[in-house]
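Given next are the chains, with one letter for each unit.
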Amino acid sequence: MKFYSPALFLVFSLLFCELAAQNDNMALVKGGVYLPLYGAEDQTVTVDPFLMDIYPVTNAEYLKFVEEYPQWKKNNVKTLFADKSYLTNWKDDKTYQGLSNAPVTNVSWFAAKKYCECQGKRLPTIDEWEFAAMANEKVQDARRIETYNQFILSWYETPKTFNNPIGKNFKNYWGIYDLHGLVWEWTLDFNSVLISGESRKDVDKDSNLFCGSAAIGASDLMNYAAFMRYAFRGSMKARYSSQNLGFRCAKDVEN
Amino acid sequence: MKKFRYLVIAFALGSLFSCNSNSEKNTDTSDSAKVKKAESETILEMSIYNLPSHWTTQNGEEIELKDLQGKVVVMVMIYTTCKAACPRLVADMRNIEKQVPEEKKDDVQYVFVSIDPETDTPERLKAFSKENEMEDDKWLFLRGTEADTREFAAVLAVNYKEISPMDFSHSNIISVFDHRGEMVHQQEGLGVDNKETVQAIIELAK
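Residue numbers (the numbering used here), protein chains in the order written: chain A, 27 to 281; chain B, 4 to 209.
Don't read these hints as lab results, they were simulated from the structure.
Incorrect hints may appear among the rest.
Derived list of chain A stretches under chain B, where covered just means 3 residues or more per stretch with a C-beta under 8 Å from a C-beta of chain B [unchecked claim]:
no.: 1; region: 98 to 108
no.: 2; region: 210 to 218
no.: 3; region: 260 to 268
As a list, the in silico BS3-like pairs of lysine-lysine whose alpha-carbon atoms are at most 27 Å apart [what the hints assert, rightly or not]:
no.: 4; chain 1: A; residue 1: K194; chain 2: A; residue 2: K56
no.: 5; chain 1: B; residue 1: K86; chain 2: B; residue 2: K209
no.: 6; chain 1: B; residue 1: K74; chain 2: B; residue 2: K107
no.: 7; chain 1: A; residue 1: K56; chain 2: A; residue 2: K186
no.: 8; chain 1: A; residue 1: K263; chain 2: A; residue 2: K100
no.: 9; chain 1: B; residue 1: K101; chain 2: B; residue 2: K198
no.: 10; chain 1: A; residue 1: K99; chain 2: A; residue 2: K197
no.: 11; chain 1: B; residue 1: K209; chain 2: B; residue 2: K74
no.: 12; chain 1: A; residue 1: K100; chain 2: B; residue 2: K69
no.: 13; chain 1: B; residue 1: K69; chain 2: A; residue 2: K104
no.: 14; chain 1: A; residue 1: K263; chain 2: B; residue 2: K129
no.: 15; chain 1: A; residue 1: K120; chain 2: A; residue 2: K110
no.: 16; chain 1: B; residue 1: K86; chain 2: B; residue 2: K107
no.: 17; chain 1: A; residue 1: K263; chain 2: A; residue 2: K56
no.: 18; chain 1: B; residue 1: K209; chain 2: B; residue 2: K141
no.: 19; chain 1: A; residue 1: K277; chain 2: A; residue 2: K117
no.: 20; chain 1: A; residue 1: K99; chain 2: B; residue 2: K69
no.: 21; chain 1: B; residue 1: K74; chain 2: A; residue 2: K104
no.: 22; chain 1: B; residue 1: K69; chain 2: B; residue 2: K107
no.: 23; chain 1: A; residue 1: K140; chain 2: B; residue 2: K69
no.: 24; chain 1: B; residue 1: K209; chain 2: A; residue 2: K110
Far from chain A by the CB rule (all over 12 Å, computed), these chain B residues [what the hints assert, rightly or not]:
no.: 25; residue: M49
no.: 26; residue: N53
no.: 27; residue: T122
no.: 28; residue: L159
no.: 29; residue: E165
no.: 30; residue: H173
Note that the Cβ used here is the ideal one computed from N, Cα and C, for glycine as well.
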């Protein structure tokens, strides 16, 4: 018996570790300081190092998740957590349409958040996402480079890129694919954006966050692309889903 | 026995990493259908009591959201260091409470949820309730984890952002929930006409 116990413990911990620590397919983003489009009065934001999924979550991966957690199946999900458009393209609970390695879309924030938690991960924050996404192939911050902005804006004009497989857009400085060019992505604190047209009336007017100056200042292309993303986030609710909106997960760096 | 202990440790470790309680993970679909049916009888699909969040009150008590079940609940998200909008939201809540007829007052719970859980400790919330003369049981002040707060705000469609260590920008929304936790009314804005909100409460309260 004495021999057994540590062995059993080992087996169990290995099992759990394997489940918990799926760090493969994640890239390290070393973090740093950047000036976001919307923030606290032109203050720079420090982003701590974090891990980010190299690819967005795919249809096949999401199917595996709903099989394991049936309460997130198309026909089981609670309406509090997802509206009618949740997995709207799926033929039934087990059958998605399109490519298995295309990004899963039409998932609500609650669903995306839960998916990541079930992988031992979390959704990236807006600042983490924006920080990682300002890189092009070569440099950490490509926001002033014309070709980088042209790529993003021409993607915004291209319809139905959500049908494409993952990994076809450029691999950025951090080793991450598809931050631009495939789908828009959920962030953990998407509801920290206070710029939707609707929120004009209900947001604290004394704040400097939303008095129009930021939007007026957002005149160059770099800010225009980011403005589109912030505006989109501001227009979403947690139970909404959309066909061009997917997600990927992130994780803190363990010491 | 020793083996058993290791097993317990291993399971405890496992549950730390799992995304939620074991009951949630369910590989048998027919079972899950049963569970779902059983749940739907107690908690409605759109009920906020589906949220598994834990909160601490101004009296330091630990509660779950679903402990509020059975009353009409009026909720607003604030933070106590707020100078601009929150005092007006507090005034709005007080004003709404005043208009509910005496015989229905007991059936209504007024809840303030902090969007700044770091600053708003139970002690702070308690002090805030005193300052505002809201010490009666009908006023409840809640503080949760940052993650639960963010999720709760998402349900209420309240957006907020920290703009400096002591200041948040946030939507001003007062929400009314029925006895089973389904949202029936939302009032947006500061110092707006609260007639409809009051009406919604009176219709629900017994």
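Do the hints match the structure? See the list:
| no. | hint | in the structure |
| --- | --- | --- |
| 1 | 98 to 108 | holds (count 5) |
| 2 | 210 to 218 | holds (count 4) |
| 3 | 260 to 268 | holds (count 3) |
| 4 | A:K194 <-> A:K56 | holds, 24 Å |
| 5 | B:K86 <-> B:K209 | violated, 35 Å |
| 6 | B:K74 <-> B:K107 | holds, 11 Å |
| 7 | A:K56 <-> A:K186 | violated, 32 Å |
| 8 | A:K263 <-> A:K100 | holds, 18 Å |
| 9 | B:K101 <-> B:K198 | holds, 12 Å |
| 10 | A:K99 <-> A:K197 | violated, 32 Å |
| 11 | B:K209 <-> B:K74 | holds, 9 Å |
| 12 | A:K100 <-> B:K69 | holds, 25 Å |
| 13 | B:K69 <-> A:K104 | holds, 16 Å |
| 14 | A:K263 <-> B:K129 | violated, 32 Å |
| 15 | A:K120 <-> A:K110 | holds, 17 Å |
| 16 | B:K86 <-> B:K107 | violated, 32 Å |
| 17 | A:K263 <-> A:K56 | violated, 30 Å |
| 18 | B:K209 <-> B:K141 | holds, 15 Å |
| 19 | A:K277 <-> A:K117 | violated, 32 Å |
| 20 | A:K99 <-> B:K69 | holds, 24 Å |
| 21 | B:K74 <-> A:K104 | holds, 22 Å |
| 22 | B:K69 <-> B:K107 | holds, 21 Å |
| 23 | A:K140 <-> B:K69 | holds, 20 Å |
| 24 | B:K209 <-> A:K110 | violated, 33 Å |
| 25 | M49 | violated, 5 Å |
| 26 | N53 | violated, 5 Å |
| 27 | T122 | holds, 16 Å |
| 28 | L159 | violated, 9 Å |
| 29 | E165 | violated, 7 Å |
| 30 | H173 | violated, 6 Å |
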